[in-house]
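Undergrad: If you want the building blocks of each chain, they are given just below.
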Amino acid sequence: MISGVSIAYDGVPIVSGVDFTLARGAIGCLLGPSGCGKTTLLRAVAGFEPLASGEIHLHGRQVAGPGLNLPPEERRAGMVFQDFALFPHLSVARNVAFGLRFLGRRERRVRVAELLELVGMAGAGDKYPHQLSGGQQQRIALARAMAPRPDILLLDEPFSSMDAELREQLAREVRELLKREGVTAILVTHDQLEAFAMADRIAVMSGGRIHQVGSGFDLYHEPADRFVADFIGQGIMLPGRVVDDRRIDTELGPLTGTSPHGLAHGTPGEVLLRPDDILHDDASPLRAEVVNRAFRGAEYLYSLRLASGQVILCLVQSHHNHAIGEHIGIRVAVDHLVAFPRETGSHTQE
Amino acid sequence: MINATVTAGSPRSRPGYWAWGVIALALTLALPVLVVLGFLFAPAGEVWEHLAATVLQDYVVNSLWLMLGVAVGTLIGGVGTAWLTSMCRFPGRGLFEWALLLPMAMPAYIIAYTYTGLLDFAGPVQTLLRAWSGWGYGDYWFPEIRSLPGAVVMLSLVLYPYVYLLARAAFLGQSLCVLDVSRTLGNGPWRTFFTVALPLARPGIVAGLSLALMETLADYGTVQYFGIATFTTGIFRTWFGLGNTVAAAQLAALLLGFIFLLILLERLSRRQARYHQTSQRHQAIRRYPLRGWRGLVAFVFCLIPLALGFLLPAGQLAAWALEVASTSLDAAFWRLVGHSLGLAAAAALLALLLALILGYGQRLRPTPGVTLAVRVAGLGYAVPGTVIAVGVIIPFGWLDNQIDAWMRATFGLSTGLLLSGTLAALLFTYLVRFLAVSLQTVESGLGKIRPSMDESALSLGLRPGTVLWRVHLPILRGSLFTALLLVFVDVLKELPATLILRPFNFNTLAVRVYELAADERLADAAPAALAIVFAGLAPVILLSRSITRSRHAQPH
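Taken in order, these protein sequences are the chains called Z and L.
According to the numbering used here, the first sequence holds residues 1 to 350 in order.
According to the numbering used here, the second sequence holds residues 1001 to 1556 in order.
Among the clues, some could well be false.
What the hints assert, rightly or not - DEER-style ranges, computed between Cβ atoms: (1) Y1017(L) / F295(Z): 57 to 67 Å; (2) L1311(L) / R24(Z): 24 to 34 Å; (3) I1076(L) / S161(Z): 51 to 61 Å; (4) A23(Z) / R1294(L): 56 to 66 Å; (5) S161(Z) / I1541(L): 31 to 41 Å; (6) L1364(L) / E114(Z): 49 to 59 Å; (7) R1294(L) / A26(Z): 34 to 44 Å; (8) R1545(L) / A23(Z): 39 to 49 Å; (9) R1294(L) / E114(Z): 39 to 49 Å.
Read the hints as simulated data drawn from the structure, not as lab findings.
We treat Cβ as the ideally placed atom computed from N, Cα and C, and that holds for glycine.
Model the full assembly from the supplied sequences, consistent with the hints where possible.
TA: Given below as structure tokens:
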């Protein structure tokens, strides 16, 4: 549990007033662009960064707070680093055994074998790190961090050095493994697909604070603010005017949601439109001009320009092959409206 | 349409003259070492048996004790300061980071002379002690600096920077995450240092240590002055005292054996070091703050080698130099300076020229023969000046005698010694000894010019000569300057080879310091010694600049 945590370097706040709670056995994720303070927060949990204020509890035990800052070796927090940080002078088995020095020889050997088996690296114990591939090194790093049965496992961008195609698959594999072992874990990443594949609870961070905590589904479909709307998934903001608590009039006609959108009547607002909210329909009277298109295999992502010049995104099955400059029929399909008050000069938003 | 046949191999097939030139050059430069090694197979004479029965054991035992002592001294000083300045934060850290290199400017023999003057009975330390305590002669015990332990301290004080430099590079090269991992696995800072940081830095530390030990074995000035019988002093005595060339050369060969072991150790360590680099990604180092008394301890620990290895002796030299400035800065002194500078500059230029020939030879025709030849040409760096001098005198003398005999037989006139005892022989010795220094610098400079740069320049229509001028030279300029400077300073400091091979009545600064010190005129030696130390500061400044740069180059 992280409550009210702030961290500063030389008076410059890096993380400010962050709260994040994770149930035992759950997998959490700190997701955000680089420089958002997520790694700093993770390192604070591990004990490498002192807190400016706030408290950190691991399994009900306070490890950091006012006047208290347990050193990393007393926190029972295992950590897997971005570059895996295997000890190059030790064999795989001795790497995994590194945190087990309080066990007897026999127990240690049993535990090491158990973990190597668990990560699918049985029999690799006598190899040295430089003889392993990146994926294998990562599994050993995981096994090493899990060996002393830490109260919490911290993973700092563990898949970032992997091939992009492998990341999601690895993330799912690691998730299964952690779930099977009932390990509580926090993952740090800037890759939302990785976060979706692995975490139960995702905290979206930027500028040193948490914008929203929720499941991947929540974050995508019910972003709490513009930053989350922008950072998670793709989409555009379509200007409109609020008619009533469920309806906003836009260039694409009146859009009605199934639940209240929360904006005041008559005010200018903006509706979040995901590419999958816009459907291609040749029969529709609503037309837009194709200004760009990206082929993605099964589908095309079209950028369409409306009459006002506003560009929207539209995901279409790839057998609908339209050339740039062509006008195609579209229709809006939203059941839940995500809307924010109109922002002046909203392009400054990062 | 592309229609071509591509054959593997060098696209620019040149005649092999360059390759043969490189190989011939390398063989010439390797000649002294080969000559000395050749004497291993010469029949051992009576003198050798005499040596073996009497002093050889002393040489071996003293050299081993010296190496052991220097190893302990440089390890404690070098590793300790490297760890503190690279991983911890305490007052003065940034200053120490480069200032700890300063003792490198101090040749061992000069620091030995200086401390002898400082600590002997009439020196300032004992005088002060007597003034305080009221003791007289014989009332108290004072450590004798002119002893084996004294030599160990002297050598350690000026050689620890080798260990410091390489240990520091190793610590900085370690993935910091590795240290963090150890902490998360339940190890405290001290345990982490001993179980992770130190084993990981071991190859670097061992490489630095073997360099320091090579210098220890090569030292002549210190052990000679302190009256310790080691290989280098033994070679001198056997040669000049007993007049036995063969036995001297055999001693030299034995010394080479020790050196080769150290080279092997160094090479192995460096190879191993590659595996010990796990991270390509370096984070900014967050140094561990040492507060209160811990910071003070760290400060003092770093100050001791700096003060004793540089500040104190340099201060003493400066004081002496001021004392004698009015009398000793005469025309003779400036002539010495002229000799030293001229000789050093000539050697530096020649070394650079040869290094370029070898470096380009290897780049243009990297055949196994050429690569081996270049390696062989660089062998001299580890070989003590005394050994090289022996290896130069013998073949040169032989050649002189052959020419003389032939001339007498053919024309009836004697040419005497044409080569021996000339500046040419001395320069050749310097080249053998220091070529590796400029070769290494030139090679690393050439390494920065990737073949694709040549190719892209050629594809842009430049002729090969123009490529050299417009691409290589601008990139290499810094390296070429460094190569010149390093050899220049090394030659300036060199003592034993100069002592043996200089032409009659030709003195340099280093030789003059040696002579004056031998006459116990330590103060009079100070101006020349100080001049050498000043020159020695130049490469130290270069090194410390690169240290500062590497620190700024770290991302974040």
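Undergrad: It remains to establish, for every hint, whether it holds in the given structure.
TA: Hints versus structure:
{"no.": "1", "hint": "Y1017(L) / F295(Z): 57 to 67 Å", "verdict": "holds, 58 Å"}
{"no.": "2", "hint": "L1311(L) / R24(Z): 24 to 34 Å", "verdict": "violated, 60 Å"}
{"no.": "3", "hint": "I1076(L) / S161(Z): 51 to 61 Å", "verdict": "violated, 38 Å"}
{"no.": "4", "hint": "A23(Z) / R1294(L): 56 to 66 Å", "verdict": "violated, 41 Å"}
{"no.": "5", "hint": "S161(Z) / I1541(L): 31 to 41 Å", "verdict": "holds, 39 Å"}
{"no.": "6", "hint": "L1364(L) / E114(Z): 49 to 59 Å", "verdict": "holds, 57 Å"}
{"no.": "7", "hint": "R1294(L) / A26(Z): 34 to 44 Å", "verdict": "holds, 41 Å"}
{"no.": "8", "hint": "R1545(L) / A23(Z): 39 to 49 Å", "verdict": "violated, 55 Å"}
{"no.": "9", "hint": "R1294(L) / E114(Z): 39 to 49 Å", "verdict": "holds, 41 Å"}
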